[in-house]
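There are 2 protein chains.
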Amino acid sequence: MNQPMTGGGDTELGVQKPLHDGVITEVAGGVTAPKGFRATGVHCGIKAVKKDLALIFSDAPAIGSAVLTTNKVQAAPILVVKEQLAHSRAFRAIVVNSGNANACTGNRGMHDAWETVEATASTLGVGRGEVLPSSTGVIGEYLPLKALLSGIPLAAEQLSAEGGRAAAEAIMTTDTFAKECAVTFFLDGVRVTVGGMAKGSGMIAPNMATMLSFITTDAAVEPDVLHHALLRSTQRSFNRITVDGDMSTNDMVVVLANGRSGAPPVRTNSGKAYNDFSSALERVMVKLAKMIARDGEGATKFLEIEVTGARDEKEALTAARSVANSNLVKTAMHGGDANWGRVLAAVGYSGIDFDPSQVEISFGNVPILGRNYALGFSEEAAREVLQRPEIRITINLNRGEGEAMCWTCDLSKEYVTINAHYRT
Amino acid sequence: MNQPMTGGGDTELGVQKPLHDGVITEVAGGVTAPKGFRATGVHCGIKAVKKDLALIFSDAPAIGSAVLTTNKVQAAPILVVKEQLAHSRAFRAIVVNSGNANACTGNRGMHDAWETVEATASTLGVGRGEVLPSSTGVIGEYLPLKALLSGIPLAAEQLSAEGGRAAAEAIMTTDTFAKECAVTFFLDGVRVTVGGMAKGSGMIAPNMATMLSFITTDAAVEPDVLHHALLRSTQRSFNRITVDGDMSTNDMVVVLANGRSGAPPVRTNSGKAYNDFSSALERVMVKLAKMIARDGEGATKFLEIEVTGARDEKEALTAARSVANSNLVKTAMHGGDANWGRVLAAVGYSGIDFDPSQVEISFGNVPILGRNYALGFSEEAAREVLQRPEIRITINLNRGEGEAMCWTCDLSKEYVTINAHYRT
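First to last, the sequence lines map onto chains A and B. 1220 is the number that my numbering gives to position 333 of the first sequence; each next residue is one higher, with no gaps. 975 is the number that my numbering gives to position 88 of the second sequence; each next residue is one higher, with no gaps.
None of these hints come from the bench; they were simulated from the model. A virtual CB, placed ideally from N, CA and C, is assigned to each residue, including glycine. One thing to keep in mind: the hints can contain errors.
Unchecked claim - In silico contact screen, one side only, chain B against chain A (beta carbon under 8 Å); selected entries:
# : residue
1 : Q971
2 : C991
3 : G1027
4 : W1227
5 : G1235
6 : G1257
7 : T1304
8 : A1307
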């Protein structure tokens, strides 16, 4: 710890120290990597040409849990998911449309969300209470419900155990690439898989904003334990990324666990089985979170902000978030300008208490600021680091052992272009 | 109150209801409009060509007061001003350099700031304790002290009662125009003047960031009363603007009151004399604050965010600030996109408690969102309003009588260009 000056700018970025180590292996397949899940993505006519309707189906009832936006303005699907979760913990399907977010649409929005749920349930032959809806895209416009409903039978027909990729494509909005990943590990000798998909890409802060993620696993997990693991992993993944500080009305992370691996159930919030499962879940969610940061609107560079030497993890995270949210830091990184003063200023207004003269800052492996404002770094070395597509900024507060990391992207003209005319 | 839908988008923007009414008249002259003040701006060699050193001089000892940055990282001049104010309340001069901020420079920065104070004092023949220093520009680089010191005798020679404009020019950094104004009013039949100048233009939030303002008045005001009026006016002016949410290490607002008008002293924090004086002070500071918002880096539009119908003023201000700081709102306004959903979402994550279905939003005089998410506005009318260089966004929460206003600008590609290569 506390050695950011020797921390490797050359090593892989984004390797957060895992809470628990286990043998976790990446595999292909996204949400359809775990046993007993099928999925697809189709074009139903909300967008002009691209896929705009994703469906995930579990062959067996799956325990479900979700983390939802904390925005006071909550989209209809968020309210419906809340209600579904209040009445049941076993689910069969997730239906997601992109292109139009069904948010801020009052009673009609609620009606449309329930219609989507009912149509999906009857098409798939499952209960109305077993379907979770989600929606992303422009907010404030009514859902083209007819188009959406017409796509459901089509999607149901095309469900396949290889459909994870198509589903990941169908939830994209301004994303430039589909985001999915999956990992396996062994529980009592039985192979268990966790898969996931996500979409960004503007906003994404303060807490997992304009962000959807759907996670599947063939592990068997008790409802409360699943929720515990989901909350912890969300804190260490989606809540560590920021693109522009805005937070949306539709964000959700949903996990379904169908038990089809045949591994023994995870029954408690501690112990080896829990640790192995939650580490795998965290690995998938961190990987998706970093993909979102990397694909922030207009992003040309991935930024990792690491704060060490804080009083505790909370303080480290507060400082890291303040730097990650600074437009001035993000534009400087865009321009490859080693403007450490903006980094220090952003820590300064983060609200934490610290002694500025004790701070050390490095960009990649280049020490930029030493204690007592010691400068003397090589502008050339800094420039070299700042030309790279991935930049780690390390800030050592030199006052404790707390550390935290968060991820963001640079702020480019392209961000402005994308967001100046989003609706039109 | 509570009638934003009929509020005039056609009337002048930024007319905040004054706490007290009095006959206040605008006059020319900036900081040299009040009696007994002289000023100038010269080029001393910190910048390549433009003026980079401003000097304000009072012919008589003036009561001084200041509001300083709350950033934990405080520039050397901030620390020196604090020390000067702790030992005295009577001052003769303010010396400000632009082009290099003397921040984050440790002991050498402190030394340079005191050297500047001493050189100014000895050149002007006043006490070391009677000079207030200030500094703006790139942070983290040592002050070119030799250049700065060489400019002081030059500035002292050129001090003039018509020098307010030159001083305002000499404190500019990325500002595109010099910011100054002055007003007069009568105290017991005697004409009193308040003048001021300011510089922006990035950052400027959460609290008066990267922002300098110097106010002069020939009123006679007791030290505590002056400070009371300054604090109140700052809350209602510079703390109501935001450009990009960042807060700098060097911000300060200083006021000097030299009593040369001959009007009777303002001795208490209430009563007609106080109200008249503080209204004039507020008028100058609000005008300067709005100039700063208008001149935000890369700004093409001035935005006024007005929240009405809040539980109280604090709640209204929280909501207004959240909207004003939203990159997504600011880019939508840049593009002329009537994206009211982003406005509502920004209120949603501001942290206040409210019922989204009761919110009304208008852009200028065009109602965009009614209660219960009633839409049906004319995109054409909205587009017309959004093409204007000044846009008012009014948000009625419909839950009380509290209201507040704040000011900002749109977010353009030019902002990115300016800030991607600021140091180079």
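Comparing the hints with the structure gives:
1. With its C-beta approaching chain A no nearer than about 21 Å, Q971(B) sits outside the 8 Å limit, and its interface hint is violated.
2. Against a cut-off of 8 Å between C-beta atoms, the interface hint on C991(B) holds, since the closest Cβ of chain A lies about 6 Å away.
3. Hint status for G1027(B): holds, given a least beta-carbon distance of 4 Å to chain A, under 8 Å.
4. Evaluation of the W1227(B) hint against chain A yields a held restraint, the C-beta minimum of about 6 Å falling below 8 Å.
5. Here the hint on G1235(B) is kept, as its CB sits about 3 Å from the closest CB of chain A, short of 8 Å.
6. With 8 Å as the threshold, the beta carbon of G1257(B) stays out of range of chain A, its nearest partner Cβ sitting at about 10 Å, so the hint is violated.
7. The interface hint given for T1304(B) holds, since its Cβ lies 7 Å from the closest Cβ of chain A, which is under the 8 Å cut-off.
8. Interface hint status for A1307(B): upheld, as the beta-carbon distance to the closest one in chain A is roughly 3 Å, under 8 Å.
Taken one by one, the earlier hints fail for this structure at numbers 1, 6, listed in ascending order.
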